Amino acid sequence: MKKLILDSLGKSKHRGSNFRDLLYNNEVRAFFFQVITFVLVVGLFYTAIGNLFENIEERGINTGFSFLNNRAGFDILPFLGNIVVDYTPESSNLTVFYVGLVNTLVVAFIGIILSTLIGLLIGIARLSNNYLISKLAGGYIELFRNIPILLQILFWYNLFINIFPHPKQSLAFFDIAFLNQRGLYLPKPIPEDGFLFVTLAFIIGIIAAYFIKKFFKKKHELTGAHTSTWTYTLGLVIGFPVIVYFLIGSPLQFDYAVLGKFNLKGGMAVVPEFLALTFALSVYTATYIAEAIRSGIEAVDKGQKEAAAAIGLSPIQSLKLIVLPQALRVAIPPTINQYLNLTKNSSLATVIGYPELMSTFGGTVLNQVGQAVEILAMAMLVYLVISLFISLLLNYVNKKMEIQGR
Amino acid sequence: MSVFDQQSTRKPPISQIGAVLWLKTNLFSSWINSLLTLASLYLLYIMIPPLLDWMIFNASFSFGTVNLFGFDIKFSEAMATNQNCGREGACWPYIYEKLYMYTYGFYPRTETWRPNIVFGLTALLFVIVPLVKHYKHKNRVTLSLIILYPLVSYVLIAGGFGLLMPVSTDQWGGLLLTLIIASVGIIVSFPIGVLLALGRQSNLKVIKLFSTLFIEFIRAVPLITILFMASFVLPLFLESGNYFDKLLRALIGIALFQAAYFAEVVRGGLQAIPRGQYEAADAIGLSYFQKNILIILPQALKISIPNIVGSSISLFKDTTLVLIIGLFDMLAMVNLTSNDPYWLGRETEGFVFVTIVMWAILYTMSRYSRKLELRFNTENTN
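Chains A and B, in that order, are what the protein sequence lines are.
Here this note's numbering is used: the first residue of the first sequence is 1, the next is one more, and so on.
Here this note's numbering is used: the first residue of the second sequence is 1, the next is one more, and so on.
Note that these hints are calculated values from the structure, not bench results.
Since the model is a prediction, treat every value here as computed from it, not as a measurement.
Think of the CB as a built atom: it goes at the ideal place given N, C-alpha and C, for glycine as much as any other residue.
A hint or two may mislead.
Said to hold, decoys possible - So, partial list: chain A residues that the calculated Cβ filter (under 8 angstroms) puts toward chain B: (1) Tyr210; (2) Ile316; (3) Met378.
Unchecked claim - Subject to a maximum C-alpha distance of 30 angstroms in a straight line, what follows is the list of computed DSS-like cross-link-like pairs (lysine-lysine): (4) Lys399(A) <-> Lys371(B); (5) Lys208(B) <-> Lys135(A); (6) Lys400(A) <-> Lys320(A); (7) Lys371(B) <-> Lys320(A); (8) Lys213(A) <-> Lys400(A); (9) Lys400(A) <-> Lys24(B); (10) Lys320(A) <-> Lys265(A); (11) Lys302(A) <-> Lys371(B).
As the list claims (entries may be wrong) - Chain B regions said to be covered by chain A (calculated; three or more residues, Cβ under 8 angstroms): (12) 53-60; (13) 262-274.
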């Protein structure tokens, strides 16, 4: 009997010697399939790249990255990127890449902040026990979530340049900010010599606040005595830099926009392309963030709130110490994913001409130089790096918020 | 003699019944809630009336005489022009005149019946599939429909067979093109996505590596870079002299892009299948393909159906991006038709019209996905 089982398990003396056995051996099969896949994929790449070089030669397209040093020769819509990188049409194509990158990061950064704020507001409103507020929030989500983001960007851009007044009839806000078809004009801060110290004071304030918070937390853990630290934080982060600012003698001037004959002069113009893009991206992404936050809060067991009330925590304490930490564990991962989506969607700005990466570098430079492979590879690399960064962030957050089992 | 007269019960106070109670608990439960209610009422007040004014009360509906299903309906003496339409309200005659462009693009007007039949077939498909649900050979019917439907649709729309006059792809446009891109994208990318998901879950290291690299790479970059790749670089990868249709290039880009997203959705389903199922399939001696086709995929796909619909919704939204590489989908028609010298400056009407159509389609899809989610959510019943 034992011999029979052993035989049927294939432990006979024929093992591996017979071709048929080899054919049905799992490891051999696995190896065979992997070799085939490898050969197929590498072969595909090899042919594709071979064709690529042939085609490039035939069409007389240059190869390599030397085009990056060539003169760009075109104007870019003036925005932060131009100021940070100091761009002129005489600059190189590589400078255009940096301008685009800065503009992409700017729109992503502002968009992430705005969409989080709107999303938080709508997500909480969705759960409000006020019927009207809850329904309005629900309507907002259903409306903006189901309209393609490209359509929203085009729509808001079209609306902004149509309903905003002509520069002559700019909407003024106390002569400080102006709004017209050419954008939003804000006072431009001009830092003077001593301003570095104010920045330094701000950074020192943040570090000090962090350590104070840590100290009192330790004290709380050791003795149980709770000390509220927000006054210290406020004083250090805001008060300290303000005092330094006045001690040095207000080293910051503002250049206000002034209404000229035809247009506003001076100041800092936020172009309507940026306004429309940021607005559309934030409004669209906020619907997803709102849903994430709502599902996070709903995921917290009702018993948790009841238990918090039972041990005598106030509603604010219950929210801060019991509900939110658990809700955020559910809500933050999808929210971070939405940040990545927002950054990727910012590439759609190419349709309204906001000078981000895909419209300057991946658009105008691509059309001028024609080296699609190199240019698109560089653009894709940027998004890959951003995405990698966000994935790392997500892993870090997930690890940090993991429920610590015992 | 009665000791006790029954008095009629007192009515509950007005604040405890009906509309007043509802108002009190739902809108005015505390002073902060009352404030919020008033604020949102004010918000509605400043938003809704101007919108209605623009869309209906100040808008022009002078379509002239419209032939609807064989009946002549007279809206006005003559159709409005851009001049007498007015600027304070919407000019719907513009949409009416350009409706053909929004629906079919540059498709020849004499051949409209062909896409119309395809639209009809699509509607019929949604009727037939639920009808044959309990039919004995339903798998065979569904499978043949899956193969026949795209074939018949392609023959009808592209033409070039027999008596059908060929219509080249650059004449396809509007909603027709949007629907074509979305449905081809879904149908083509789904099998690729399933294979990629299986590849990523596979024990074979090389296959797993390639699948993972492909999925993660595609998911990290925006669709527009993939579309640019497909439109500028893909022709360079092929042997020179190969003519490559612009629409086909876009479709390849979209299908590859969507496949990576489907793969992740299906992988979620695969991961939800208990190990025991794999082991049981192995134990009864099923081969890899038998195991996956008969045991694993039917369960995994069933779990992932709501997410598959969700991912398809994203794809439908993403089809609008093809306007960037010069295809004339429904959204591209807005700019194209408002450049008509007779209808200058009517972009807003176009955007609103496209928004309404797109929203209606996407909202229906998302409701459907939520319904599926509820139906397949068997978590609480066992």
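- Item | Structure versus earlier hints, numbers of those that do not hold, lowest first | 1, 2, 3, 4, 5, 7, 9, 10, 12 and 13
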